[in-house]
Amino acid sequence: MPSASLLQNPRILLTSQTPFHRNLRHHIHTPNALPLQAPLSVTTSPPKSSILEIQKSILSQTQKASDIASEYLARIRQMEPRIQSFLHVAEEEKVMREAEKVDMKVERGEEIGPLAGVLVGVKDNICTKDMPSTAGSKILEGYRPAFDATAVRKMKKLGAIIVGKTNLDEFGMGSTTEGSGFHGTANPWDLSRVPGGSSGGSAAAVSARQCVVSLGSDTGGSVRQPASFCGVVGIKPTYGRVSRFGLMAYASSLDVIGCMGSSVIDAAILLNAISGHDKLDSTSSKHEIVDYASDIISKDFTNSSNPLKGLRVGMIKETLGEGVDAAVTSSIQASALHLEALGCVVTEVSLPSFSLGLPAYYVLASSESSSNLSRYDSVRYGNQIAADEITALYGDSRANGFGSEVKMRILMGTYALSAGYYDAYYKRAQRVRTLIKKSFKDALDSNDILISPAAPSAAYRIGEKTNDALAMYAGDISTVNVNLAGLPALVVPCGFVEGGTSGLPVGLQMIGAAFDEAKLLKVGHVFEQTLQNCKFVPPLLSESYGSDSTQ
Amino acid sequence: MTLVCFRGVKANTFGLFPAHLFRGKTGALFCTLTHSGAKNKIRSESLQTQTASSLNKVNPAQTRKESRRTTHGFEAVIGIETHVQLSTTTKAFCNCPYSYGSLPNTTICPVCMGHPGTLPVLNSKIVEFAVKLGLALNCKLFMSSKFDRKQYFYPDLPKGYQISQFDIPIATGGYVDLDIPLEFGGGHRKFGITRVHMEEDAGKSIHSENQSYSQVDLNRAGVPLLEIVSEPDMRTGVEAAEYAAEMQRLVRYMGISNGNMQEGSMRCDVNISVRPVGQSEFGTKVEIKNMNSFNAMNRAVDFEISRQVNLHNQGQGNQIVQETRLWDDGSQKTITMRKKEGLSDYRYFPEPDLPEVVITEEYVNGLRASLPEIPELKRRRFEQMGLNMQDVLFLTNDINVANFFDSTVEKGGDIKQTANWIMSDIAAYLKSSQLLITEMKLTSEELAVLISSIKSGVISGKIGKEILFELMSKGGSVKSMIKEKDLVQITDPSAIEALVNKVINNNPKQLEQYRGGKTKLQGYFAGQAMKESKGKANPILLNKLLLEKLNAKP
Ligand SMILES: [Zn+2]
Numbered sequence: 001m002p003s004a005s006l007l008q009n010p011r012i013l014l015t016s017q018t019p020f021h022r023n024l025r026h027h028i029h030t031p032n033a034l035p036l037q038a039p040l041s042v043t044t045s046p047p048k049s050s051i052l053e054i055q056k057s058i059l060s061q062t063q064k065a066s067d068i069a070s071e072y073l074a075r076i077r078q079m080e081p082r083i084q085s086f087l088h089v090a091e092e093e094k095v096m097r098e099a100e101k102v103d104m105k106v107e108r109g110e111e112i113g114p115l116a117g118v119l120v121g122v123k124d125n126i127c128t129k130d131m132p133s134t135a136g137s138k139i140l141e142g143y144r145p146a147f148d149a150t151a152v153r154k155m156k157k158l159g160a161i162i163v164g165k166t167n168l169d170e171f172g173m174g175s176t177t178e179g180s181g182f183h184g185t186a187n188p189w190d191l192s193r194v195p196g197g198s199s200g201g202s203a204a205a206v207s208a209r210q211c212v213v214s215l216g217s218d219t220g221g222s223v224r225q226p227a228s229f230c231g232v233v234g235i236k237p238t239y240g241r242v243s244r245f246g247l248m249a250y251a252s253s254l255d256v257i258g259c260m261g262s263s264v265i266d267a268a269i270l271l272n273a274i275s276g277h278d279k280l281d282s283t284s285s286k287h288e289i290v291d292y293a294s295d296i297i298s299k300d301f302t303n304s305s306n307p308l309k310g311l312r313v314g315m316i317k318e319t320l321g322e323g324v325d326a327a328v329t330s331s332i333q334a335s336a337l338h339l340e341a342l343g344c345v346v347t348e349v350s351l352p353s354f355s356l357g358l359p360a361y362y363v364l365a366s367s368e369s370s371s372n373l374s375r376y377d378s379v380r381y382g383n384q385i386a387a388d389e390i391t392a393l394y395g396d397s398r399a400n401g402f403g404s405e406v407k408m409r410i411l412m413g414t415y416a417l418s419a420g421y422y423d424a425y426y427k428r429a430q431r432v433r434t435l436i437k438k439s440f441k442d443a444l445d446s447n448d449i450l451i452s453p454a455a456p457s458a459a460y461r462i463g464e465k466t467n468d469a470l471a472m473y474a475g476d477i478s479t480v481n482v483n484l485a486g487l488p489a490l491v492v493p494c495g496f497v498e499g500g501t502s503g504l505p506v507g508l509q510m511i512g513a514a515f516d517e518a519k520l521l522k523v524g525h526v527f528e529q530t531l532q533n534c535k536f537v538p539p540l541l542s543e544s545y546g547s548d549s550t551q
Numbered sequence: 001m002t003l004v005c006f007r008g009v010k011a012n013t014f015g016l017f018p019a020h021l022f023r024g025k026t027g028a029l030f031c032t033l034t035h036s037g038a039k040n041k042i043r044s045e046s047l048q049t050q051t052a053s054s055l056n057k058v059n060p061a062q063t064r065k066e067s068r069r070t071t072h073g074f075e076a077v078i079g080i081e082t083h084v085q086l087s088t089t090t091k092a093f094c095n096c097p098y099s100y101g102s103l104p105n106t107t108i109c110p111v112c113m114g115h116p117g118t119l120p121v122l123n124s125k126i127v128e129f130a131v132k133l134g135l136a137l138n139c140k141l142f143m144s145s146k147f148d149r150k151q152y153f154y155p156d157l158p159k160g161y162q163i164s165q166f167d168i169p170i171a172t173g174g175y176v177d178l179d180i181p182l183e184f185g186g187g188h189r190k191f192g193i194t195r196v197h198m199e200e201d202a203g204k205s206i207h208s209e210n211q212s213y214s215q216v217d218l219n220r221a222g223v224p225l226l227e228i229v230s231e232p233d234m235r236t237g238v239e240a241a242e243y244a245a246e247m248q249r250l251v252r253y254m255g256i257s258n259g260n261m262q263e264g265s266m267r268c269d270v271n272i273s274v275r276p277v278g279q280s281e282f283g284t285k286v287e288i289k290n291m292n293s294f295n296a297m298n299r300a301v302d303f304e305i306s307r308q309v310n311l312h313n314q315g316q317g318n319q320i321v322q323e324t325r326l327w328d329d330g331s332q333k334t335i336t337m338r339k340k341e342g343l344s345d346y347r348y349f350p351e352p353d354l355p356e357v358v359i360t361e362e363y364v365n366g367l368r369a370s371l372p373e374i375p376e377l378k379r380r381r382f383e384q385m386g387l388n389m390q391d392v393l394f395l396t397n398d399i400n401v402a403n404f405f406d407s408t409v410e411k412g413g414d415i416k417q418t419a420n421w422i423m424s425d426i427a428a429y430l431k432s433s434q435l436l437i438t439e440m441k442l443t444s445e446e447l448a449v450l451i452s453s454i455k456s457g458v459i460s461g462k463i464g465k466e467i468l469f470e471l472m473s474k475g476g477s478v479k480s481m482i483k484e485k486d487l488v489q490i491t492d493p494s495a496i497e498a499l500v501n502k503v504i505n506n507n508p509k510q511l512e513q514y515r516g517g518k519t520k521l522q523g524y525f526a527g528q529a530m531k532e533s534k535g536k537a538n539p540i541l542l543n544k545l546l547l548e549k550l551n552a553k554p
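Quick note, the sequences are listed as chains A and B, same order. The first sequence begins at 1 in the working numbering and counts up by one. The second sequence begins at 1 in the working numbering and counts up by one.
In short, the hints are calculated from the structure, not lab data. Watch out, some of these pointers could steer you wrong.
Straight-line Cα separation of at most 25 Å, DMTMM-like style, residue types lysine to aspartate or glutamate; simulated pairs [to be verified]: (1) K150(B) x E389(A); (2) K509(B) x E466(B); (3) K204(B) x D388(A); (4) K286(A) x E361(B); (5) K479(B) x E532(B); (6) K204(B) x E281(B); (7) K339(B) x D388(A); (8) K286(A) x E356(B); (9) K441(A) x E356(B).
Computed from a predicted model, the values in this text were never measured in an experiment.
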């Protein structure tokens with residue numbers, strides 16, 4: 001079992017602690033380290049909030065909700081054969097009917113919600129009662145939940161229109177979306193590459209403007225890494241900020257529903273919509289909800305010379321060492337420079353227990369998943385293989401229904417929880433988790449936010465890592481620690497590396513203190529709005545539309 | 001073919017789809033379960049099927065055995081795991097109601113069916129009940145405990161794990177006191193309680209007779225349970241049954257469960273091993289299940305003890321293996337259900353969907369203050385009131401009976417008389433009319449009045465009995481009944497004398513016979529005179545005057 005070496009000998013996987021010895025300033029003055037510019041985006045304006053634009057158009061009646069909806073639907077029709085972001089697309093008539101309802105409300109002068117007419121893609125491991133929800137697994141093929149996830153219910157209440165269920169690695173277990181039980185998804189920036197995962201469908205759909213915003217889920221980086229691969233904004237909120245009710249559990253103590261959009265404001269508005277305590281999820285927090293969007297919408301940061309003056313930013317040393325693409329490192333360093341230009345004080349911080357995060361994460365996530373996936377026994381729902389006795393029914397149905405990655409994690413988790421191994425694996429991993437929380441706390445006591453790459457590389461080729469689970473796991477190094485600590489993190493596109501026809505996007509991860517999403521979103525917004533010469537619209541889209549009217 | 005059958009399970013059909021959930025290749029598709037509306041059982045149980053009253057019919061030989069606690073040089077070691085279903089209005093982790101006997105799969109929801117994306121939310125009443133029972137069992141409480149997942153696959157376990165408590169239960173290290181009825185040798189016992197923990201129940205699997213299909217009813221899935229684990233302190237069937245009976249009394253006193261064994265609201269799994277007297281190590285442990293009365297428990301345990309002792313005596317001690325045996329009421333035997341091959345590994349780990357259960361001193365003190373007097377304290381108090389153990393055990397068996405007794409005494413009822421009335425006429429009436437003591441029309445106030453009316457001679461005991469029946473069935477007050485029906489006892493000697501004279505004069509023949517030596521006829525005269533008085537004559541006075549007249553020289 002490959003997991004054995006992973007579990008027992010973490011050093012095999014992880015970069016040895018080569019100190020990031022070079023002075024940051026030194027780098028900043030190296031012209032080579034500047035982000036590779038995407039050829040198509042030489043002169044650009046900063047990204048605008050699609051949600052605000054839609055709201056404005058609808059209210060001013062310059063554009064109807066139904067026109068906007070049909071625009072998106074057309075793009076889905078056009079792009080879907082090549083990208084395959086979705087496992088299920090809503091019936092067009094249904095979407096149009098919803099949009100027309102919004103138009104009617106506007107005509108009657110009735111109030112509309114902040115998400116009115118906004119087409120949302122929902123990751124398929126999030127329950128929607130009027131659409132199938134499979135978590136990308138054959139074992140749930142055709143399953144229709146009895147209820148909407150709380151996040152979905154909240155979005156709908158604010159006027160959102162669910163346009164479809166996005167593809168993912170089965171039950172969220174994977175980093176490429178190749179682990180879907182149904183089909184893969186292509187990266188809109190380069191169709192021969194993966195969109196990342198597990199929320200690959202949600203990221204690709206936003207990137208290709210097949211929907212305005214989308215919901216993903218993040219257990220070990222599943223929102224942030226695909227956001228980075230697809231050049232979109234992704235936020236993983238603090239654990240407990242968003243109700244998990246209706247999110248098909250992968251690892252309950254790490255899972256969180258996150259938001260993706262093509263601008264920070266869009267992500268903030270969506271997060272606003274879904275945040276808050278839910279009596280159906282006892283792990284959801286009663287912590288006060290801040291209006292994440294209003295603050296950044298109302299202020300114009302771009303006119304100020306250093307809008308982030310005095311903000312202390314810690315660059316996590318351990319995320320920029322061995323195993324990280326040099327070009328990615330350059331992008332992040334350039335981003336640090338950019339933050340400095342905005343008034344931040346950037347220093348390097350070290351999180352000594354960082355390297356332990358990956359094995360601890362895989363032990364804990366696998367353990368919990370082995371338990372969470374026990375319910376898929378085909379007795380009450382899901383695909384059942386008839387058998388003459390119950391153990392055969394379980395065995396055949398699960399063997400047939402689960403993919404290999406899921407089976408491997410169930411086996412790993414079952415092993416880690418077994419009598420005699422529990423202390424060596426599960427318990428030890430929990431101790432590591434405590435250490436990691438502590439080291440993050442220390443780092444965030446002396447810094448407002450921490451930064452790192454969202455992933456050690458840009459999107460890789462389809463099939464490149466399918467036979468190397470450990471290499472794939474290793475790619476999660478900069479994200480899993482954040483889940484172990486339960487902290488919020490925002491990924492904002494920050495640059496490009498070479499690849500594809502026009503470069504591949506790279507995302508900057510910003511990590512904040514628990515429940516400090518507001519700060520992350522503010523910094524992310526300023527960063528995004530002031531980033532020069534980068535336009536994160538995939539070439540595919542520019543080819544088709546030849547303009548940036550869609551963004 | 002099967003695939004079609006299960007794919008379409010949707011929420012809006014929860015109340016409708018049948019119990020059938022999985023099947024063999026050749027089995028029938030849909031089957032519904034017949035349900036028994038056996039709701040009356042709880043009622044009839046309260047005064048008749050328990051401890052003293054139930055056990056004393058069992059086994060006359062028991063008394064001798066009980067006093068010894070050993071058999072042929074062997075001693076049994078018995079520990080009991082009791083599962084008590086809590087009588088909360090909703091299940092442990094969802095809002096479904098639960099009531100025994102509902103149509104299969106009608107009290108279920110996505111949460112207790114283990115649908116994807118659902119999460120448990122703890123019903124705080126369970127913690128309250130657990131703390132109450134922990135206190136009643138003199139346990140130490142963990143101010144911070146947690147839930148864990150106990151994992152195994154079974155069709156009636158929807159999530160593939162049971163939410164339970166593993167290493168940090170809510171209560172540990174207590175004890176329970178009880179009194180063995182005199183018929184079984186009597187005596188006081190103190191048995192240790194290892195722990196009390198909270199968990200959820202599983203559904204029910206029902207297998208067709210020809211084994212071609214199985215059905216699952218998830219109504220019970222997620223119903224809250226407390227598991228009470230005893231120390232291995234019991235030695236005999238009687239002790240085991242009395243321990244269980246005391247648990248039932250306790251949970252009923254606390255109002256946390258109906259404790260009904262027939263319906264499975266209280267289930268006892270008994271672990272039994274035997275060892276030569278004087279040996280300190282335990283023998284091989286056998287688990288017995290499926291006993292649905294204290295009676296059955298008593299017999300099952302004694303059967304199992306003698307089975308094991310016999311095997312030892314025949315040199316076949318090695319044939320005692322770790323296994324689960326079922327008590328078969330028909331054959332009065334325990335039979336092998338499954339052998340345990342090694343320890344099953346439940347892969348417990350902390351339930352990540354539920355926060356820790358933290359209780360405060362304040363909360364505990366509040367509950368402690370609200371606790372009813374536990375049976376043991378009641379027994380000691382009643383004993384001090386001068387009642388004998390048999391009466392004490394009878395009266396304290398049901399908290400409502402004990403309360404009725406207390407309340408009657410408080411309102412002036414004579415202690416011994418009150419006990420007698422409750423244990424004889426009232427108990428008989430309740431039994432025949434299948435009522436709880438709280439359901440009859442007679443109030444403790446009126447019983448107290450009745451008793452003092454008899455004591456003070458206002459009415460005769462005979463009249464008392466008559467109006468008692470009416471008070472129990474129709475209600476009303478003793479005073480108005482006496483007044484209305486003119487039932488006041490005739491104590492005026494001249495009035496009684498007139499009655500006696502009348503009867504003697506009307507029966508010259510009998511008088512002659514009496515005086516001829518047939519003195520038994522005194523009863524006849526007394527009866528006639530009493531009848532003449534409509535039962536109201538003071539019997540003592542009447543007999544005195546009657547004798548005087550009968551024996552007077554003509
Ligand atoms: Zn339920």
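Status of the hints after comparison with the structure:
1. K150(B) x E389(A): Within the cut-off at roughly 23 Å; holds.
2. K509(B) x E466(B): Roughly 32 Å separates the two Cα atoms, so the pair is violated.
3. K204(B) x D388(A): holds, 20 Å
4. K286(A) x E361(B): holds, 24 Å
5. K479(B) x E532(B): Between K479(B) and E532(B) the Cα gap is close to 23 Å, so the pair holds against 25 Å.
6. K204(B) x E281(B): Cα-Cα ~37 Å, so violated.
7. K339(B) x D388(A): Given pair K339(B), D388(A) holds - Cα atoms ~22 Å apart, limit 25 Å.
8. K286(A) x E356(B): Within the cut-off at roughly 16 Å; holds.
9. K441(A) x E356(B): holds, 22 Å
Hints 2 and 6 from the list above are not met by this structure, while the remaining hints are.
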